[in-house]
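Respectively, the protein sequence lines represent chains Z and W.
First residue of the first sequence: 1, per the working numbering; consecutive thereafter.
First residue of the second sequence: 1, per the working numbering; consecutive thereafter.
One thing to keep in mind: the hints can contain errors.
[To be verified] Straight-line Cα separation of at most 25 Å, BS3-like style, residue types lysine-lysine; simulated pairs:
1. W/Lys66 to W/Lys47
2. W/Lys310 to W/Lys208
3. W/Lys170 to W/Lys210
4. W/Lys281 to Z/Lys171
5. W/Lys281 to Z/Lys173
6. Z/Lys174 to Z/Lys66
7. W/Lys310 to W/Lys281
8. Z/Lys171 to Z/Lys125
9. W/Lys158 to W/Lys208
10. W/Lys170 to Z/Lys62
11. W/Lys310 to Z/Lys62
12. W/Lys58 to W/Lys208
13. W/Lys170 to W/Lys208
14. W/Lys47 to W/Lys170
15. W/Lys310 to Z/Lys66
16. Z/Lys174 to W/Lys158
17. W/Lys210 to W/Lys310
18. W/Lys203 to W/Lys250
Keep in mind the hints are simulated off the structure, nothing from the lab.
This structure is a prediction, so every number in the text was calculated from the model and none was measured.
Spelled out from the first residue to the last, the chains are:
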Amino acid sequence: MILLDAGTTYAKILDTETDERTVKRVSDLEKTFRADVGTGHNINRFANRSVNEIIALANAGKSLIKDNSFTLLDIGSRDAKYVVFENGSFIHSDWNTECGAFTGQAIEILGNYLNIDYSKIEPQKEFITATCGLLGMGHVFDLVAAGVEPEIAAARLIKGVCISMYRFARKPKKIYLTGGLVRNRLFVESMPCETVILDRFTLLEGVKEYALNMNGA
Amino acid sequence: MEQSRGVYKLENGGNENNYNPMQDMVLTRHGFVRGKEQSFLKNPKDKPFIGIIGVPPKEVMEELIKEDAVILSLDMYKVDRLITEPTDNILPKAYCAQIKRIIANILSVTDFWNEDVMDSVLVGRNPISEIIIEDSEICRCNEMGFVADFIENELKIKLRRVKNNDIERKGDFICKSGIPLDEKFGKIAGYFYRDIERKKPFKPEYVKPKCAFWGTPPWGDFSIANYFPDETHIYGWTRCVENLTPGDLKLELEFDPDVPTVFFSQSFCPKAGLASYLANKHPRGMFIDMDIGLTRSTVAKLTAFLQLNKVI
Ligand code: SF4
């Protein structure tokens, strides 16, 4: 079976027969490509069946995380979503798609534009609070114009994003992170709580659970 | 009274009407009037033709009944279609869908006289003889002050501002019944008229809840109700309306902690703060807001919440 997580920017593909995993830009997917089952913002263009992204995230959390109680946060380029389980039962979830969105993409664009290597920057204490990626970028440019080093300004934005994500996920003591932004070391180290990183194929684990149940049903 | 999904028998006259809040209907003191039966709007004759906004107190409504007034709910009129274009030059784009509806409703009533909407209104030829606005200290939102000023000073329609301090709760049988959620919203609005006409209160049977909806009616798109099971209890301001106590903040703040609850507000509504605050306090709460029309992500977020809570 071919499973697909088609996000806004990247497509993650899993072949369940061979366990081969691939990542491509969504724009590089062939027009004729069809996965059997999938999830993600762009899924309806590329899969025969789709799973709700939060359901996929919840399934993935249950199958990959040993703890009975956990918070799993997925931060992609366009949006962020989380699920909270307590003693094995679902408690909360949320998904920010409009306000607060595009932060992942904004951080990537900003890094390219200012020519910053995030892996070489130390996390900052000070932070910029921004409602969404676009407004955040505006604040960074203002700081740079006021004489702050571009690296420091960008790191403050990242700290601000981390704090708002931490609050969004209801301030857990420990947070399991997945999604495109977890590859950004500065982002992970700027989180104000203990973090455990899951790889970017996490949602596909949830899709797999769904597909297995679907076939078993 | 007989009722089942989509069918509503009016007691007065016994006419059978398909009742559905999405239909083109007008809510009057005579009950729900469907699109083709709106001719009474064309000819209010010598009767006072009164628009109302919110839930005026009992004594005001009784006075209107005595005068044999034709009453039009500007909240509910044309509830099936949210046509906001007439407000485009008047209100900001990012603004409460319900206030857009109220203003658009006042403007569009003039359609029945086949005149250019804006012109006829601005020269003071709106057929509505008076608008009564419920503008209690604590009720819907502060925006009612703006709406009142606009009606009086821009549209030049006679305006009466009334406060509803009724605190006697009439009960919440509809909110806690098993009738479909979209019908609950419609029937709660109708209940208000039943009460002033001293009809037997509508008391559907209690049903054990699977989940709950907290908030104002989803004015921007009632189709959101279709995602909820019939066993959805209603809390928040809509419940206050069924109780005929729209300013009962204590009641508005209540929720059932044992039932997964969706805390809803219209986008740009000041009640969003309260809704998200309560959602955070609730052990199984989720806050959602919606502007005009349901988005794919709102539906996904809502259905995931209901599925993961094993509600659907
Ligand atoms: S939805 Fe909110 S802002 Fe709009 S009229 Fe109702 S209370 Fe006021």
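Failing hints, ascending? 9, 10, 12, 14, 16
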